[in-house]
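First to last, the sequence lines map onto chains A and B. The first sequence runs 1 to 743 under our numbering. The second sequence runs 1001 to 1191 under our numbering.
Treat the hints as calculated values from the structure; they're not laboratory data. We put the CB at the ideal spot given by N, CA and C, even for glycine. There may be inaccurate statements among the hints.
[As the list claims (entries may be wrong)] DMTMM-like cross-link-like pairs, simulated, lysine to aspartate or glutamate; straight-line CA separation at most 25 angstroms: (1) Lys-261/A x Asp-1190/B; (2) Lys-1127/B x Glu-424/A; (3) Lys-542/A x Glu-530/A; (4) Lys-1154/B x Glu-1067/B; (5) Lys-224/A x Glu-1075/B; (6) Lys-284/A x Glu-1165/B; (7) Lys-274/A x Glu-1077/B; (8) Lys-1035/B x Glu-424/A; (9) Lys-542/A x Asp-564/A; (10) Lys-1090/B x Asp-1143/B; (11) Lys-1035/B x Asp-206/A.
[What the hints assert, rightly or not] Footprint (simulated), chain B over chain A, 3 or more residues, beta carbon under 8 angstroms: (12) 146-155; (13) 217-225; (14) 399-413.
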Amino acid sequence: MGPVVEKKWSAGLMPMASLLAILLVSFYVLSNATENTEGFSNMYGWMLLINMAGLLVLVALIGVNLFKLVKQYRQGVAGSRLTVRLVIVFVVLSVIPVSIVYYFSLQFLQRGVDSWFDVRIEKSLEDALQLSQVSLDLRQRALGKEVSGFIDRLSDVTDANAGLVLSDLLDRSGAVEMSLLGKNNRIIAFSSVDPGKVVPLRSNEDVLMQVRHGNHYVGLEPIKDAGIHVRLVYPVPVSSSADTELRILQALFPIDQRVNKLAGNVQQYFTVYKKLNYLRGQLKNSFLLTLSLVLLLSLFAAIWVAFFSAQRLMAPVRNLAEGTRAVAEGDYDKQLPSAGHHELGFLVNSFNDMTRKISQASAQAQDSQHQIETQRAYLEAVLGNLSSGVMTLDHELKIRTVNSVAGKILGLDFSEYFGMPVDEIIQAHAPLKRFVDSIKLLSEKPDQWEEEIIIFARGGRKVLMCRGTTLMDEHEQSGDHVIVFDDITTLIQAQRDAAWGEVARRLAHEIKNPLTPIQLSAERLQFKFERKMDDHDAKILKRSTETIVQQVEAMKEMVNAFTDYARAPQTEMQKLDFNKLIYEVSEMYKMPELKMHRDLDKRAPIIQADSSRLRQLLHNLVKNALEAMSASEQKEINIRTRCMDESGCRFVEFCIEDKGPGFPEEDMAQYFEPYVTTKSKGTGLGLAIVKKIVEEHGGMVTASNLVDHGAVIIIRLPVIASQQEESFSEEDDRRIEKSEGNA
Amino acid sequence: MFPQKFYFRKAQLLLVLSASVLIGSVLAADSYGLKIYSASTQIQRGFYQLDAQLEYALSQAALDALESGVPLTFELEVDIIQPREWMWDKIISSYDQRYQVAYHALTQQYIVTNLNSGVQNSYSHRKTALLTMGRINNYPLIDFEKVKIRDDYKGRIRISLLINELPAPMRPWTFINAEWSLKSEWFEWDL
């Protein structure tokens, strides 16, 4: 639900005010109509209709509002609960006083109207009426007697004389009007004190009918503008002599003027009182109706106003609640519509200020974060493009950051080790133990450190140049460690090659060149002076020159061998069955006095290698073993190959054991350097060349003594062609540790 | 909080409001009402003269009011109309006649007054007074010479009790009480 758009108060107030104004006007008209005001009373019907319609409109409005509110309440719309409470309070506040007023008004109406009337007054008025009636009754009787006295005179009167007789009777009796009716109520004669009057006041049909049946009629009759009169209608007795029709005498007698006036007053007031008494009930009903209508309209209007006001009042609160929720959900751009100049309005304005500032702060934070991200990305790019591996560890030696080159150098995926202690690497990558141990050891140094570490990672033996620094935090305490390491294997190789190349060049120039003149000079000396000397001297000369020549030859051989070593031939890598090559070479050294055991692993895969260089390597190793056993009686060589999986890359391990005296313990580290030998003859380059060839193939060579007697040389050659990611087996781990221990 | 009587009053009011309309209209069907049995015109002495037979059967409420001294005023409306198919009827001429019936307590007479002419008649019995009011004989309606009557013209007649002529305190109640809704239907005849 979106925010409640705050309408102007006037917009909502106008229809409400107009409806209330119409209702007020209709109330006024209603109340005036209920009282006796002519002008309004004619509009009562309309007013009633208008008010009923207003009532229906209000009920509909309240119904709609109530439905909306209940819906909002059930949906848990913000502010709906408070709105419900406010509505209930408003409704109760309006219903209670209105109901009390209504109740007391009804009571007052009942008692007030009833109090106007008094049984005694009613009784006295009835008595007065009866008195008047009795009084008039006496007069009627007297007149009846009078008429009875002279009615006989009309029996024999002819129609022609009737007028005269009537006039006479009129004068004598004091009647105001007399008429004689014949058959079919035909007027036979008419006489009146008013000379202008020509038509008698006729009796009604009932009376005439009654009289025709022989009865007479005496009754009072109010005559317009003339007061009460006594009407007497008598049948005229029929004379036996004449066969005449039945005649009827009608006579109107006035009553005494004073009695007439008094009786008229009694009649008037009695009627008024009786009417009022009757109207009492009607009046009460009408008042009840009007009052109830007014009450219902006021009540419904109040309830509607309660809904209206509560919703108006709650609109800013609802907006605030929604705004707060939006801010909580991270929408900092939320702005609420203004709520006016009251306290809620200030609250809304404060909220808007707050969200604006939060929004600005958020934008700044985002901007900063973006800058940090950019710098971080830049730093990562720089680190990623470095040729050095960079790794940072925290003070607990947990891995924090590692650049991609570090992973390449160490041959492992660091992404799974972030946040983990550096020891964890060894769990899956045992060959890195030396690296990890070195780091752990060296990181305890307070200052910068630098160390060359040799590891046997994927891709073979690697020489790493590690430099570490401990970063001090703001409290001058030991913090994170930065370790930068470079793979200097190739560099060292190149340096070594260059050094030996230089040596070879020097040997060629400085040593080999003078050798030929020395040899030639020695041979010339022998040739020239041999014949001039005696036998003894000649023998000595010959032996000496031969020695010189031999030694020069030996030196030449040595220089040539050295040149061979220093010369870095272009290796031609090709697929090679290592087992087959071992078999061919070893077969050449088969002798009766030599025991040779071959244990070649058939799982050893085809390797990528230069066959002539490997062949030279094998010759050197076998020769070396044979020379070591030259003094021994028991000559035995064991040759083994193993297929090994280490740290995800596969190696072929080659071992050659001899039963010679073994290596002297003190020189173990230098056996693979040139000119280190325990043998009386040889160039001292055999194992150096072996090491060189192994390194050319990315392999590693170690030498160690056997437990009883004899030596073992272990060579590991990587399977470059198929670098398969395979996990370590525990057996392999143990084997590697063991061989490293031996080394 | 409120006395039970209060609720009774409200309930009573609503009950009376609804019940009076419903029950009143049911009762009206057979016991009271203003009816027109016949109406016709004839030309006599240069006039269209009206003869009609009407019935003033008053409801108990009206009778009570009459006996209590409240005069009742009735209106007799006579129209000459030209019926039209697609519109309401065109009124050619219209005549109103008002009668007032009142009870005179002192003389115990029912007085019927023709309010148009002022002629007043007294009757000892109410029934006679109403019956007499219901008989209209030779009432001169239209001057034959003055109004040209076409063949398609029709006459119509209706009688009704004038509530607005009742005392003001009664009126609000009579507006919603069916017993006071005394009005006949239009009765039409060919001229």
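Here is what the structure says about each hint:
For the given pair, Lys-261/A sits about 51 angstroms from Asp-1190/B by alpha-carbon distance, which is inconsistent with the 25 angstroms threshold. Between Lys-1127/B and Glu-424/A the alpha-carbon distance is near 123 angstroms, which puts this suggested pair outside the 25 angstroms criterion. Taken as a hint, the Lys-542/A and Glu-530/A pair is honoured in the structure, with Cα atoms around 7 angstroms apart against an allowance of 25 angstroms. Pair hint Lys-1154/B plus Glu-1067/B does not hold up; C-alpha atoms about 38 angstroms apart against a cutoff of 25 angstroms.
With a C-alpha separation of about 21 angstroms, the suggested pair Lys-224/A and Glu-1075/B falls inside the 25 angstroms cut-off, and the hint holds. A distance of roughly 19 angstroms separates the Cα atoms of Lys-284/A and Glu-1165/B; the hinted pair therefore holds under the 25 angstroms criterion. Taking the CA atoms of Lys-274/A and Glu-1077/B, the gap is about 31 angstroms. The hint is violated against a cut of 25 angstroms. Note on Lys-1035/B and Glu-424/A: the hinted pairing is violated, with a Cα-Cα distance of about 114 angstroms set against a maximum of 25 angstroms.
For the given pair, Lys-542/A sits about 32 angstroms from Asp-564/A by alpha-carbon distance, which is inconsistent with the 25 angstroms threshold. Pair hint Lys-1090/B plus Asp-1143/B holds up; C-alpha atoms about 19 angstroms apart against a cutoff of 25 angstroms. Using a Cα cut-off of 25 angstroms, the hinted pair Lys-1035/B and Asp-206/A holds, with the two alpha carbons roughly 23 angstroms apart. Counting residues of the region 146-155 of chain A whose C-beta lies closer than 8 angstroms to any C-beta of chain B gives 0; at least three are required, and the coverage claim is violated.
Note: the region 217-225 of chain A has 6 residues with beta-carbon separation from chain B under 8 angstroms; the three-residue rule is met and the coverage holds. Residues of the region 399-413 of chain A lying with their CB closer than 8 angstroms to a CB of chain B number 0, which falls below the three-residue condition for coverage.
Violation of the numbered hints given earlier is confined to hints 1, 2, 4, 7, 8, 9, 12 and 14; the remaining hints are satisfied by the structure.
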